[in-house]
Amino acid sequence: MLPEAEFEHVLAKKYMRTEIMPHAFCPGCGLGIIERMILMAFEELGQEEWDRTVFVSGIGCSGWTPLYFRRDAAHTLHGRALAFATALKASRPDLNVIVVMGDGDSMGIGGNHLIHAARRNIGITAIIATNMLYSLTGGQMSPTTPEGAKTNTTPYGNIEPNFDLMELLKAAGATYLARWTTYHFIQAKNSIKKAVKHKGFAAIEIVFQCPTYAGRYILNRPDPRDMMQWFKENSIPLGVAKNKSPEELRGKIIVGEYLHRTDRKEYTERLRELEERAKGKGR
Amino acid sequence: MYVEPGTHLMQGDEAIVEGALIAGCRFFAGYPITPATEIAERMSRRMPQVGGVFMQMEDELASIMAIIGASWAGRKSMTATSGPGYSLMQEGLGYAIITETPIVIVDVQRGGPSTGLVTLPSQGDVMQARWGSHGDYATIALAPSSAQDMFDLAIKAFNLAETYRNPVIILADEVIAHVREPVKVPPYEEIEIVERRRPSVPPEEYIPYLPDPGEWVAPMPAFGEGYNVLVESVMHDEFGHRIGTDHVAAERTIKRIYYKIEKNVDKIAMYEKRYMEDAEVAVVAYGSTARTALRAVREARNQGIKAGLIRMITLWPFYDHLIEETANQVKAIIVPEMNMGKIVREVDRASKGQAKVMSVPKVGGVLHHPDEILAVIKSAVR
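These protein sequence lines map, in sequence, to chains W and R.
Following the numbering used here, the numbering of the first sequence begins with 997 at its first residue and continues without gaps.
Following the numbering used here, the numbering of the second sequence begins with 19 at its first residue and continues without gaps.
Just chain R, same shape as in the assembly:
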């Protein structure tokens, strides 16, 4: 039923599907879009084999609403798209946020704006992943750097979505989606899978948006189980009842859905440090750019420069502590990104002036050359 434990040669898009199925994903809805189409194609073949439902919807507005509907039917659910489709999904993303619906959205980034660079990679959607839908909320966004990450982060994404009853976005890019490399599938019993917390109280005592003591979210029943739940897009109280102009209840709801993510950043944040022990200059990178950055850091080390790499796996919520700690250690932080300089703004903010922050933007649909990053590393220590 699942891909067998062991090492397999897999494409990123293939790995993310297999990871999602192992995580328990049993509903996928999507709309064809380059360079994310392979995910839908593979899901269409694999999903019915594991007893799940695949649906090709009429557009991305429908795709995201479908996975929210499926989630309330009790199924772990996912969609995959690229920039133009992700833009359309922003309204549904807001609905998932306010109704606290666990879903996983994969955005295989391509160059924008608009239809843009259809077949070429980009990291242009990183801010959209944080701020794309209107209103105040928090999201979780993960950035894979390899086919292995696509497999592992698919599982992590479902676990986080269930833990926080929140959408989780996997910000891949065209390179990672199409790269074909070895993926290690651990024995199934070693894979941690978070199942949905179901109400333990009878329906008349259940309150759908009131977390149990010590918890950030309420347990979640499925439709048809007798809990008579209200899945309400209008600002609502803990019962799901519309609250009109009750600003006190509105503030309570907004702050809870915001803080359940932001205050758990140290639990959600994942990162990788390379050569950082004695580093005097740090490269902070994510996604496919982190691979180029690692090459540049190694080259710098060969030339006697104490450079290190921080690969951010969790982009949102932004882990200020990690950057502050790094800024206190190094003279300069270099942030290469396949955009005009986006996450660098967060790095600059979080470093609180303790290190020089340098942006290495790259647009047009091509990866940085390691020498471009190396040149900035050299200039930083000169």
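Isolated chain W, as found in the complex:
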């Protein structure tokens, strides 16, 4: 156990369930940084926004992330966070519904719900924490594991190409998209702020370090600081990436704000209009 004083950080005291801390993340895990990004975003958005924010998560290391926040939170099932969140938002459009999922959670087992939430353009903020494999189960290949990478289920190297979450969700109909890494703290925090204010389905992918598995198996960098250094060196801003060939971009993380559309109506607004049309119609 860490000494009590460790939890007396201003953000922890203000926003977190310190009674159930320290949290369960491995030493050096990037999910703590993502927690801090979210809390810093709300520190800047203000108390009023925080007071109407609720959290939903799936199963996996990332699913634990919002459970430490002193807000209503649902730790749902593997892959199903968005289905729960969709109904929550449809029932209470006044709430900020923030969903935290991992890469396997959102793009593997929950892929269908992910594309349909984007298609509906429902006003949910999805924070997708990508660590390039399944960590809670001990380091198996996920839909974002790089080709050729060795994991506990790809001992001869991964033969499967991975999803590009940004392109996937752009095609599916999302209206705010950004990708950052834990190295890009300020940018990611600013994207979370924008996403919370955005009317429509917003997804922010944050590539984070899993020193325990991805660090050892995929990047050969078991030290979390080395992993963040790798994120820094291998991230290419979207604008720069546009002028590079696919070969030059192989193995790189393209970061930036991918999309900010305002031309698609948000789902719960359509729902309200539908309700108006239905009223007065016979049984």
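The set of hints was computed from the structure by calculation and includes no laboratory data.
Beta carbons are placed, not taken as given, at the ideal position from N, Cα and C, and that holds for glycine.
Heads up, a few of these hints could be off.
To be verified - Using C-beta positions, here's what the derived DEER-type ranges look like: (1) W:L1041 <-> R:P200: 56 to 62 Å; (2) W:Q1043 <-> R:P220: 31 to 37 Å; (3) R:E256 <-> W:L1041: 29 to 35 Å; (4) R:E256 <-> W:R1268: 34 to 40 Å; (5) R:E210 <-> W:R1268: 30 to 36 Å.
What the hints assert, rightly or not - Computed footprint of chain W on chain R, listed as stretches where at least three residues anywhere in the stretch have a Cβ under 8 Å from a Cβ of chain W: (6) 80-86; (7) 109-120.
Fit chain R to the supplied structure of chain W, relying on the hints for placement.
This is chain R only, laid out in the frame that chain W set:
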């Protein structure tokens, strides 16, 4: 807004929707599936008229999670499906169980296994309704036998779900879903509706999974009301905190969610007795099979055989007492079911050898002929 009091000609699927709306259902999520589609279709038209939300989800995995989410948003919620969809819903059912979320699931049974007999009736899901999701838990399952039952049991199902903070399953079948017959809607003030018990303590004193003294479940707040509730699928304590390997806390949680249903069986169990006063042979039936069974019992009476019918309305929790009492009265209990013989196992167990228990299985997607049941009644008294 609601169907008016009085007698209306209604289809079973129509009656269940109108009953649900009167019960206060304000969220429906579903996915099209024969023979339950009419429920979703009618909900899509009716729900927005009463200020509720209808959503057609991408699959049944999402449908059940959506109604759980809506329930935590403070709305009474429901889904409707058939066997294949009900199979998919088992994971979400477990989530509703462990988070003690009131929801209503309608399973309009069709013949299985797998895609099976899409348009034909069955009672093949009765054990799935009890044991379908993994782990230890208890469920409530009700079996309607008429369009009137579809209306009445929709309301009962919501009341039970709210009372016990538990999923309630309505096990209809294709015949009951599609039958069109008179449904009596009582004056609204005569309909008992159980509203959700809300916390009466301030948020800092509220414990989401600790029942008040003398109660089986805790009051339930909605998201966004400041109670900072944790809706946790992992094994948790009374606060909703994950308990890791604390087997004492885990045992406490599992036993409570099990016993809150099983120990209240005498309050939950509903049944109907016909011609049982002097009966020497009893037919125990449920759902549409109970209608055929009643015909067979009447025919037996015409032929001088003292036969009676017990129509089980609540299938789960199983009312052992009712069967034991019956077994002590009669020589034989006959259990016709549209499956290979499922509830008959429970009847056999609960009768404790006091009466001969005879199964009358029927599969293939067709109701029993009354003569098939009558023949077994005759053989029992011979």
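Checked hints:
A hinted range of 56 to 62 Å holds for the C-beta pair L1041 of chain W and P200 of chain R, which are about 57 Å apart. At roughly 19 Å, the beta-carbon separation of Q1043 of chain W and P220 of chain R lies outside the given 31 to 37 Å, and the hint is violated. Between E256 of chain R and L1041 of chain W, the C-beta spacing of about 33 Å keeps the proposed range 29 to 35 Å intact. Hint check: E256 of chain R to R1268 of chain W, Cβ distance near 38 Å, so the stated range 34 to 40 Å holds.
In this structure the hint that E210 of chain R and R1268 of chain W lie 30 to 36 Å apart at CB holds, the actual value being about 32 Å. Under a criterion of three residues with beta carbons nearer than 8 Å to beta carbons of chain W, the stated coverage of the stretch 80-86 of chain R is upheld, 6 such residues being counted. For the stretch 109-120 of chain R, the proposed coverage by chain W is satisfied: 4 residues have a C-beta within less than 8 Å of a C-beta in that chain, meeting the threshold of three.
In summary, the structure is inconsistent with hint 2 from the numbered list given earlier, while agreeing with all the others.
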